[in-house]
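A.B. asks: Spelled out, the chains give:
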Amino acid sequence: MTLLRHTRGGEITERQALTINPAKTCQPVGAMYAALGIHRCLPHSHGSQGCCSYHRSTLSRHYKEPVMAATSSFTEGSSVFGGQANLLQAINNIFTVYQPDVIAVHTTCLSETIGDDIPQIAEKAAEKDLIPAGKSVIHASTPSYVGAAPTGFANMTAGMVKYFSESTSPNKIGGRVNVIPGWVEPADMREIKRIVAAMGLESIVFPDTSDVLDCPQTGVHEMFPKGGVTVDRLRAAGDSAVTIALGPVCSEPAAIELTNQCGVPHATLPLPIGLEATDRFILELRKYNGGVVPREITDERGRLIDLITDMHQYFYNKTAALWGDPDQLVSLSEMLLTVDILPKYVVTGTPGKKFLRRMGDVLQDRKSEVQVRQGAGADLFLLHQWIKNEKVDLLIGNTYGKYIRRDEGIPLVRHGFPILDRVGHQFFPTVGYRGAIRLLEQVLEALMQRQDDECSEERFELTM
Amino acid sequence: MISVLEQRAAQIHQDGRSPFAMDCEKHSVAGSVSQRACVFCGSRVVLYPVADALHLIHGPVGCAAYTWDIRGALSSGPQLHRMSFSTDLGEKDVIYGGEPKLYQALVQLIDHYRPKAAFVYSTCIVGVIGDDVGAICRRVEAEKGLPVLPVHSEGFKGTKKDGYQSACAALFQLVGTGATDDISPLSLNILGDFNIAGETWLIRNYYERMGIQVVATITGDGRVDDIRRAHGAALNVVQCSGSMTHLARMMEDKYGIPSFRVSYFGLEDMSRALYEVADHFGDGQVRQRAAELVRDEVAAILPDLRRYKKMLRGKRAAIYTGGAFKAFSLVRSLRTLGMKTVLAGSQTGNREDYRLLRELCDEDTILVDDTNPLELAKFVQEKEVDLLIGGVKERPIAYKLGIGFCDHNHERKIGLAGFEGLRQFAREVHSTVMSPVWRLVPRRRRQQPARAANDVSTASLRPSCAGECSACDLPDCSIPAGQEILP
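Protein chains in written order, with the working numbering: chain A, 1 to 464; chain B, 1 to 487.
Think of the hints as simulated: they come from the structure by calculation, not from any bench. If you're wondering where the values come from, they're calculated on a predicted model, not measured in any experiment. Errors might be hidden in some of the hints.
The calculated lysine-lysine pairs, modelled on DSS-like cross-linking and capped at a C-alpha distance of 27 Å, are [as the list claims (entries may be wrong)]:
| id | chain 1 | residue 1 | chain 2 | residue 2 |
| --- | --- | --- | --- | --- |
| 1 | A | Lys226 | A | Lys64 |
| 2 | B | Lys378 | A | Lys135 |
| 3 | A | Lys402 | B | Lys413 |
| 4 | B | Lys383 | A | Lys64 |
| 5 | A | Lys64 | B | Lys413 |
| 6 | B | Lys92 | A | Lys353 |
| 7 | A | Lys226 | B | Lys378 |
| 8 | A | Lys354 | B | Lys92 |
| 9 | A | Lys64 | B | Lys378 |
Please put together the full structure from these sequences, using the hints given.
C.D. replies: What follows is the structure, given as structure tokens:
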């Protein structure tokens, strides 16, 4: 079928001006996702109506949940005279009708290019008394032609700090840590909170989309579900002992902001996906709880290692192709190497050369066996061409990998954003030791299922 | 009770007895959680099914990423339309202009895929930085010898409807450039069907069985060469009038091709469409074949429809569609199934659409234009709806409220057009309205006993409980109170 056979491999043409089947999307959707992690917050897209609609649809398809966000509904007039009138009207309408605690405005390519100054417009809104007492308008600058969805997430998260966090005393509260979880699933944010609590620490996790995008069925449509970090907690983040930023792309900018603004020191770690990355997270937390790791956590770690050792022969010599967001890819690659799977191809459309250095740190002496690409021209078309030229055993990435899966007959483990055609990602964490067990279980399932499907009848076996 | 946005009051009509003056076709109120999209979205969905054309989106990556293979518009051949092509503009391009990138991308893609034509979509940013997309298209067209058509779809330059117009303008440039010698006087173009789940194939088959040649299907399972010779057809039959009336009008003006609008949803509308086409040609044989076709097809589905109707009688539905014309057919089809439409609305209906809808619906049916989730939820709950018909953003809202949902938008997997489509629609509605899962939903258990008692078919849906629990006091309940759903 021509859809799937759109590339034959062979010689790979360099493309400078063209992206085919992107391994990224634009900043605003990341900002919208982050903003949904504030309690009683309505994300607001300052641009044309379509942007908001596309982001809501994509998030809805991924989470199977209603996703609320408003838009400035730009017209031809706004593109000439600026979007100030639209945003003022929007702020007024939103606080009157939907009554959120926070409106989190993110910009778009259009509003950035015409040069709308959001803080100045918000100031005007305050002057005109459009912002009720105790309510806030925050913003992040997220032009679609810069960065990609993870940087949009980072910018909005940094915005939360800028607008809310306060330091009330030079003496920080020992035993209380801020954790910026990065762009992970609601289930991951829930798991991170559980781990920090198990370590005997108080946490302020932000943003936090658990109980926002994984809500129980109650027979009621809640415009603002019960989850999300509250403004009070964001304020209090300025007094915590430390900020742990999980993932340099998504989380570090907010952590730096907290250091500069409130004097809260920070540590930037990779996303705690896989054994080593989770170890680093636990070791970091241990610095603040008197050095203990509870039995609950060491047992989880032990069970993960048990799974890895039991199954190591099935991982041996396997290769994988990965695509998605940089923070995810670095940790996933490390996890695969740990269990003896080679992440042979790694692709992200998100620009940023630091990614290559981070991948180099993880790959170490196996660099020469791996192809890594970021930014322009790093897309699923390129990945498919690489695979045509030399196959791998496993695909790990979002739903868009299903074309390659079908064409090449290579199993796909769905991970990342968006997942449009399955459930599970919103319920089961992949961070922490338990998350790694879940991920490796999926990897094994994919490999074993393929073996069962493709082996000859006499080699079709009941046991492993 | 939540209030309705004040500025939106005139876009809601709650009572058929009060004087009717629906406000519509206006821009969404800023700050509204509107379910609408933009100009680009309108152009993209209309042109998307042209399967052997190249669709290049000129702008930052988002617009291409979000519209990558999102429409179930099937193609019987090429699948080029399902790829995502973007010039992926960056900061430098925004400052210095995106024309060089556009040129390069077009040339590279045309060399690689050898498409029959190329559509180049302008996104918001292009309208602001002022790239001369038309000039680049003309240049590549001259160099490569195939139609390269700019689509003026900058997101902010109007509503989704304006996007339809831009798409029609691009298509119109193709029309009239192909040979028409072997076209029968008994011929037509199918306009405004997008072959979702193979619907165009079904409709095409009906017309062919009537002895009518189908010249071009625009744009479902569309092909560039067919569109180029579409001006040779004797008639344009337009569905989804919102998107394609403009093209039909232009073809009428330039080539004198008459057109009328039809709907392929539901028994009455589907039959009427075939008869009107037959009458248009005034050919006795064609008319005869249409009558036979309708008779056979209806006979084939009637037993199933009767079965479904028995179970669905008295259920209430809310409809929220993109275009309003679709809503007419849905109201009729629901009636065929014994159901009542208590709310009907659209994103892009015009005054005349709403007047017709008002006539068609019951007196107490609420009409809404460009609604938002809060309003929808409010009305759906007040009216005790059993089924919501809408698109991707409405589905999770319906489920959270504990009511059934049917996708009547481009993401559905089941063909709902034609006679067979009505059977599938009935099945789809039945599968969700009568699902046992709703007995698990707290709202259902709290529902007014008065209505439940009058409503035999709903009662069968409920958990059997002894009426001991506080949430539900149905007469025929046999579940002990302890098994109540946890709050």
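A.B. asks: Each of the hints needs a verdict: does it hold here or not?
C.D. replies: Each hint, compared with the structure:
no. : hint                  : result
1   : Lys226(A) / Lys64(A)  : holds (17 Å)
2   : Lys378(B) / Lys135(A) : holds (25 Å)
3   : Lys402(A) / Lys413(B) : holds (18 Å)
4   : Lys383(B) / Lys64(A)  : holds (24 Å)
5   : Lys64(A) / Lys413(B)  : holds (17 Å)
6   : Lys92(B) / Lys353(A)  : holds (17 Å)
7   : Lys226(A) / Lys378(B) : holds (20 Å)
8   : Lys354(A) / Lys92(B)  : holds (20 Å)
9   : Lys64(A) / Lys378(B)  : holds (21 Å)
In summary, the structure agrees with every hint in the numbered list given earlier.
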